[in-house]
Amino acid sequence: LAKTTQPISMDSYEGQEVNITCSHNNIATNDYITWYQQFPSQGPRFIIQGYKTKVTNEVASLFIPADRKSSTLSLPRVSLSDTAVYYCLVGVTAGNTPLVFGKGTRLSVIA
Amino acid sequence: EPEVTQTPSHQVTQMGQEVILRCVPISNHLYFYWYRQILGQKVEFLVSFYNNEISEKSEIFDDQFSVERPDGSNFTLKIRSTKLEDSAMYFCAGSRDRAGANVLTFGAGSRLTVL
Numbered sequence: 001l002a003k004t005t006q007p008i009s010m011d012s013y014e015g016q017e018v019n020i021t022c023s024h025n026n027i028a029t030n031d032y033i034t035w036y037q038q039f040p041s042q043g044p045r046f047i048i049q050g051y052k053t054k055v056t057n058e059v060a061s062l063f064i065p066a067d068r069k070s071s072t073l074s075l076p077r078v079s080l081s082d083t084a085v086y087y088c089l090v091g092v093t094a095g096n097t098p099l100v101f102g103k104g105t106r107l108s109v110i111a
Numbered sequence: 001e002p003e004v005t006q007t008p009s010h011q012v013t014q015m016g017q018e019v020i021l022r023c024v025p026i027s028n029h030l031y032f033y034w035y036r037q038i039l040g041q042k043v044e045f046l047v048s049f050y051n052n053e054i055s056e057k058s059e060i061f062d063d064q065f066s067v068e069r070p071d072g073s074n075f076t077l078k079i080r081s082t083k084l085e086d087s088a089m090y091f092c093a094g095s096r097d098r099a100g101a102n103v104l105t106f107g108a109g110s111r112l113t114v115l
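So the protein sequences, as listed, match chains Z and A. Numbering-wise, our numbering puts 101 at position 101 of the first sequence, and it's gapless, one number per residue. Numbering-wise, our numbering puts 45 at position 45 of the second sequence, and it's gapless, one number per residue.
Since the hints were made in silico from the structure, they are not lab data. Beta carbons are placed, not taken as given, at the ideal position from N, Cα and C, and that holds for glycine. Keep in mind that the hints are not guaranteed to be accurate.
From the derived model, a few chain A residues whose C-beta atoms are all more than 12 Å from chain Z [unchecked claim]: (1) 15; (2) 18; (3) 19; (4) 69; (5) 73; (6) 80; (7) 89; (8) 103; (9) 104.
In silico BS3-like cross-links for lysine-lysine, where the CA-CA straight-line distance does not exceed 30 Å [unchecked claim]: (10) 83/A <-> 69/Z; (11) 54/Z <-> 69/Z; (12) 78/A <-> 103/Z; (13) 57/A <-> 103/Z; (14) 42/A <-> 54/Z; (15) 54/Z <-> 78/A; (16) 52/Z <-> 83/A; (17) 52/Z <-> 42/A; (18) 42/A <-> 103/Z; (19) 57/A <-> 69/Z; (20) 69/Z <-> 42/A.
Next up, chain Z with everything else stripped away, as it sits in the complex (with noise of 0.2 Å):
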């Protein structure tokens, strides 16, 4: 199971672009790169998903490179209801083995 490494905290001024950075250096082939996003007393919410290069989605763009061994999450110009907890996991292979949650981090986005 990939082991991730993220920061522990970030903190942002409103309408700047944000990237989290996310290390997985035991990344294995068949594994996708997926970060998720938690609120105070919400469940975690999908943000979007990538295997290699750059995905872009409404919400976010993910940029993974060639090597897969971290993946950066970036938020083009954050805004107050940004603020919040963002995990990076690291989808395991066909088995029963569950995603498991890290720390992630914690983003204060400030007026």
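Here the structure of chain Z is known, so what remains is to put chain A in place on it, guided by the hints.
Coordinates of chain A only, in the frame set by chain Z:
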């Protein structure tokens, strides 16, 4: 957008009492999970459930815990005799797939307070 619905949103119980937390998964999901989050701590896996049986469980999921999906709709987590340390948010989640590109949809959670 389909949602995972959990009830109750908050339950307060006395230590030693039985608690049942309920979840209505998204209709086309096949894999179901319970996670918990103690206040200020990370989201912890409890159990996964597929084809009406437990697929995987963590060390937390001891004999005091059980899950079932009796009517093909509701997915329940039962704690037989609650302890103070069971106080946490309990999240139900579901997915269509098991492997690799496994995107979980979580419910809003049930907050359990054990006194």
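Right, here's what the structure says about each hint:
no., hint, result
1, 15, "holds, 23 Å"
2, 18, "holds, 24 Å"
3, 19, "holds, 19 Å"
4, 69, "holds, 17 Å"
5, 73, "holds, 19 Å"
6, 80, "holds, 23 Å"
7, 89, "violated, 7 Å"
8, 103, "violated, 5 Å"
9, 104, "violated, 6 Å"
10, 83/A <-> 69/Z, "violated, 41 Å"
11, 54/Z <-> 69/Z, "holds, 14 Å"
12, 78/A <-> 103/Z, "holds, 26 Å"
13, 57/A <-> 103/Z, "holds, 20 Å"
14, 42/A <-> 54/Z, "holds, 28 Å"
15, 54/Z <-> 78/A, "violated, 42 Å"
16, 52/Z <-> 83/A, "violated, 44 Å"
17, 52/Z <-> 42/A, "holds, 27 Å"
18, 42/A <-> 103/Z, "holds, 5 Å"
19, 57/A <-> 69/Z, "holds, 28 Å"
20, 69/Z <-> 42/A, "holds, 23 Å"
In this structure, the earlier hints numbered 7, 8, 9, 10, 15 and 16 are contradicted, and the remaining ones agree with it.
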